[in-house]
Each structure stands twice: as C-alpha cells, then as structure tokens.
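Just need the whole structure built from these sequences, with the hints factored in.
Residue numbers for the sequence shown follow the UniProt record's numbering, beginning at 1 and rising by one.
Derived by calculation from the structure, the hints in this document are not laboratory data.
Heads up, the beta-carbon is just placed ideally off N, CA and C, and yes, glycines get one too.
Incorrect hints may have been included.
Claimed, not checked - Here are the computed distance ranges between Cβ atoms for each label pair: (1) Glu150 <-> Ala116: 31 to 37 Å; (2) Arg44 <-> Ala148: 38 to 44 Å; (3) Ser15 <-> Glu112: 39 to 45 Å; (4) Asp163 <-> Asp209: 39 to 45 Å; (5) Thr240 <-> Glu319: 43 to 49 Å; (6) Glu46 <-> Arg147: 46 to 52 Å; (7) Lys303 <-> Val143: 42 to 48 Å; (8) Glu46 <-> Pro70: 44 to 50 Å; (9) Asp168 <-> His69: 16 to 22 Å; (10) Glu204 <-> Glu322: 37 to 43 Å.
What the hints assert, rightly or not - No more than 25 Å apart at the CA atoms, straight line, and that leaves these computed lysine to any residue pairs for SDA-like: (11) Lys164 <-> Pro142; (12) Lys303 <-> Glu159; (13) Lys164 <-> Ala148; (14) Lys174 <-> Tyr162; (15) Lys174 <-> Glu112; (16) Lys164 <-> Arg110; (17) Lys303 <-> Arg316; (18) Lys174 <-> Pro142; (19) Lys164 <-> Asp216; (20) Lys174 <-> Ala234; (21) Lys164 <-> Gly211; (22) Lys174 <-> Arg316; (23) Lys303 <-> Pro279; (24) Lys303 <-> Glu326; (25) Lys174 <-> Leu106; (26) Lys164 <-> Pro67; (27) Lys303 <-> Gln131; (28) Lys174 <-> Leu64; (29) Lys164 <-> Leu199; (30) Lys174 <-> Glu88; (31) Lys164 <-> Cys212; (32) Lys164 <-> Ser25; (33) Lys174 <-> Arg153; (34) Lys303 <-> Glu322; (35) Lys174 <-> Arg151; (36) Lys174 <-> Ser57; (37) Lys174 <-> Glu159; (38) Lys164 <-> Glu88; (39) Lys174 <-> Pro279; (40) Lys303 <-> Leu64.
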Amino acid sequence: MEVHDMFGEKAAIPSGATIVFLGDSITDDGTYISYLDAHFHIHRPEVRLNLINLGVSSETASGLSEPAHPFPRPCIFDRLDRALAESEPDIVVVCYGMNDGIYYPLGEERFEAYRAGMRRLLRTIRASGAQAIAVTPPPFDPVSFERAAERLRPADAAEFSYDKPYEDYESVLKAYAEWVMTLDESRADGVVNIHDPMLAWIREARAADPGCRTGDGIHPNAQGHRVIARTLLAGLFGETAAEAPADGAPVDAAPADEAGPVGAAADRDAAVGGTAAYPLVWERHRLLSAAWKEHVGHTNVTKAPNALPLAEAQARAIELEERIRELVAAGRAE
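Below is the structure:
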C-alpha cells in the first residue's frame, strides 16, 4: 500500500492539514519531524502543514515495562483520547516498537501485546475521523551501543532492560517491522517502512568505517533522522528529496561521516547543509513540541523543560514562522 496514493500527485498534498506524530523518544526528539517541516518550508512553501510532535520518551503501545526501568513506562493509551481531542488531526503518524519488546528476546506474549496495542491505537485514531499511518520501528544497532561488551546480554540472561538489552534485539524489531508491513486497508490508511532504509544506511556507513556509531544503538543520530525524514517524504507525500538543490535540502545534505551525540545542534545543522532558515525551524519545532506535550499531558516522570502554555507558544511560533518565510524568500531571490 503506497501511502502517498491517498494524496495523489504533488499538487494534491493537503495544504493546511494537521499531522500529529505519536511515538517514543525517537519521535520525542523530533529531528526527523523538523526535517520534514524544513523541506516543505524551503521547497514547497505553498504547502502549509501543521506538524504536531506528540512523542513521549519511554512510551509504548504495548503497555509493557521491564522490571529494571526506573519508572513504569508511559503508554499511549494514558493520553490518546486527550491527544486526539486537543490536536484535532487530519492524519496521525504512529511509530512504536523500540520499547515495546522491552529489550528482551522475541516472545509471543510481548509480541501479542505490541500487536494488540497497535491495532487498538490505529482503530481509535480512525474512529476519531483521522487517517492512521503506521510506521515500522527503526533498527537496533548493537555496534553503536556504548560499552557493548559489558552491557549486551545473551538470550539466556535472567533479565533485560534498555540499559542491558538482548544482544540480538534487532531480530525482535525486525519481526515487529515485518508485522507492521502486513497491515492492510482494514487496519490502517497506510504503512511506511523505515526499518529497511535505516538498516541499509547503517550497513553502508559501516562498510566505509567498521567502527562508526550511528547513534547510541537505540536512538539514531541526526543522519539517521535524515533517513527517516527522506523515507517519510517519499512514502507519505510522494516527495523525492533529491529533487531539491543540495545546498537547501534538509534531507539530502548530511555528510557521509556525520556522527556525534544524538540530536546535537552541530549534527542537525550539518544534516540540513547549513540552511539559513533551519535553526529557526528547529527552534519553532521544539517550542511547540514542548508546549503540546505538556498541554496534552503524559505519565513520563520527566516533563519538558521550559514548556510554555500552549497559547503563548503558538503566538511565539507565529513570529518565528514569519522570520522563517522571510529567510526562505530571501534565499530564493539570491
């Protein structure tokens, strides 16, 4: 099922649509969403999309939590009804799975909890009147795991956690991703496979540098977010990032050797090729993300720092939006 079929040709991308992103810490980080936002600001300024990041770190769709986790993992169903009611989305993009296997070997009970949670999530979204897009979980990269030799656990270990995961946890995520790809029109309005493109990127990076880190093993770095954004652009909108000039393409310009702390500002700037408008896109994204997350509410014990009341954040975002569009227009005039 090609997701962008629901939008048709490029001209039919629904300007003004509200697209909500639900997920765990990878979505909460928001880098890939900011790249999508930057792409449309820079290359399709006539298409005005309202992208709302409602990712929450540690969250699951399964409702499971490993014993060693410092607090019970948040579950999307703790906040889903309020999230849908407050954001009034046209489209909801959901990406769960990394935490849902709770870092244990593949087990039918855990797998069924994930499947049941995803089915319920998609069903609830569609019942609200929004279109539901299921995204596969990304891969687990054990080579990037810090102190892997002492932290990764064999299958017969007594216990596992995000800090001490099963050494072949990637096989679990592969199974979860393959299941997501079996969802048809009766379950979802579309599916997007980010797992395989990210694996291909990891393998290519490792072929060039066997010791390179592509994040921290669980969370991809900025270039990994670039791969997610590029895949979503193609799968959700039928957009090809390569069509854009390299000096302004937020999902094209990451250097091959880009690495470093996940979400680091320098990495994000590198991944958008130094685009002048991008720092403001990122600032606006984080401003709204924090405000929306706390406005809806969640059960993670860590709250978004410096989150403004939603109305105040939205007013500030309008000012940033004007500056972004001025910079983009100036760049086009050069």
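Consistency of the hints with the structure:
At roughly 35 Å, the beta carbons of Glu150 and Ala116 sit within the given window of 31 to 37 Å. One distance hint, 38 to 44 Å for the beta-carbon pair Arg44 and Ala148, holds here, with the actual separation near 41 Å. Between Ser15 and Glu112, the C-beta spacing of about 40 Å keeps the proposed range 39 to 45 Å intact. Checked against the hint of 39 to 45 Å, the C-beta distance between Asp163 and Asp209 comes to roughly 26 Å, which is inconsistent with it.
For the pair Thr240 and Glu319, the supplied restraint of 43 to 49 Å is violated, since their beta-carbon distance comes to about 32 Å. Take Glu46 and Arg147: their Cβ atoms lie about 49 Å apart, and the range 46 to 52 Å holds. Taking 42 to 48 Å as the suggested C-beta distance range, the pair Lys303 and Val143 does not conform, at roughly 33 Å. In this structure the hint that Glu46 and Pro70 lie 44 to 50 Å apart at CB holds, the actual value being about 46 Å.
Between Asp168 and His69, the C-beta spacing of about 20 Å keeps the proposed range 16 to 22 Å intact. Distance hint for Glu204 and Glu322: a CB-CB separation of about 39 Å, consistent with the stated range 37 to 43 Å. Simply put, Lys164 and Pro142 have alpha-carbon atoms about 11 Å apart, close enough for the 25 Å limit, and the pair holds. Straight-line distance between C-alpha atoms of Lys303 and Glu159 comes to about 28 Å, which puts the hinted pair past the 25 Å bound.
Under the criterion of a C-alpha separation no larger than 25 Å, the hint pairing Lys164 with Ala148 is consistent with the structure, at around 9 Å. Only pairs whose Cα atoms come within 25 Å are accepted, and Lys174 paired with Tyr162 is accepted, the gap being roughly 17 Å. Note on Lys174 and Glu112: the hinted pairing holds, with a Cα-Cα distance of about 15 Å set against a maximum of 25 Å. In summary, the hint linking Lys164 to Arg110 is supported, as the alpha carbons are separated by about 18 Å, within the 25 Å threshold.
At roughly 20 Å between alpha-carbon atoms, Lys303 and Arg316 fall within 25 Å of each other, so this suggested pair holds. Simply put, Lys174 and Pro142 have alpha-carbon atoms about 14 Å apart, close enough for the 25 Å limit, and the pair holds. Between Lys164 and Asp216, the direct Cα distance comes to roughly 13 Å. Compliance with the 25 Å bound is thereby established for this hinted pair. Only pairs whose Cα atoms come within 25 Å are accepted, and Lys174 paired with Ala234 is accepted, the gap being roughly 21 Å.
Proposed proximity of Lys164 and Gly211 is supported: the alpha carbons are some 20 Å apart, at most 25 Å. In summary, the hint linking Lys174 to Arg316 is not supported, as the alpha carbons are separated by about 41 Å, beyond the 25 Å threshold. For the hint linking Lys303 to Pro279, the alpha-carbon distance of about 23 Å falls within 25 Å, and the restraint holds. Taking the CA atoms of Lys303 and Glu326, the gap is near 33 Å; set against the 25 Å cutoff, the hint is violated.
A distance of roughly 10 Å separates the Cα atoms of Lys174 and Leu106; the hinted pair therefore holds under the 25 Å criterion. Distance check on the hinted pair: Lys164 and Pro67 sit about 12 Å apart at the alpha-carbon level, within 25 Å; holds. Straight-line distance between C-alpha atoms of Lys303 and Gln131 comes to about 29 Å, which puts the hinted pair past the 25 Å bound. Taken as a hint, the Lys174 and Leu64 pair is honoured in the structure, with Cα atoms around 19 Å apart against an allowance of 25 Å.
About 22 Å separates the Cα atoms of Lys164 and Leu199, which keeps this hinted pair within 25 Å; it holds. For a cut-off of 25 Å, the pair hint linking Lys174 to Glu88 is broken: about 32 Å separates their Cα positions. In summary, the hint linking Lys164 to Cys212 is supported, as the alpha carbons are separated by about 21 Å, within the 25 Å threshold. Restraint check: the Cα-Cα separation between Lys164 and Ser25 comes to about 18 Å, which is no more than 25 Å; the hinted pair holds.
Taken as a hint, the Lys174 and Arg153 pair is honoured in the structure, with Cα atoms around 18 Å apart against an allowance of 25 Å. With a CA separation close to 29 Å, the supplied pair Lys303 and Glu322 exceeds the 25 Å bound. For a cut-off of 25 Å, the pair hint linking Lys174 to Arg151 stands: about 21 Å separates their Cα positions. With a C-alpha separation of about 21 Å, the suggested pairing of Lys174 with Ser57 holds against the 25 Å cut-off.
Proximity of Lys174 to Glu159 is assessed by CA-CA distance (about 21 Å); at most 25 Å being required, the pair is judged to hold. This hinted pair does not check out: Lys164 and Glu88 have alpha carbons roughly 39 Å apart, beyond 25 Å. The straight-line distance between the Cα atoms of Lys174 and Pro279 is roughly 34 Å, outside the 25 Å bound, and the hint therefore fails. Annotation: proposed proximity of Lys303 to Leu64 holds, straight-line Cα distance about 21 Å (limit 25 Å).
The structure does not agree with the numbered hints 4, 5, 7, 12, 22, 24, 27, 30, 34, 38, 39 stated previously, though it agrees with the rest.
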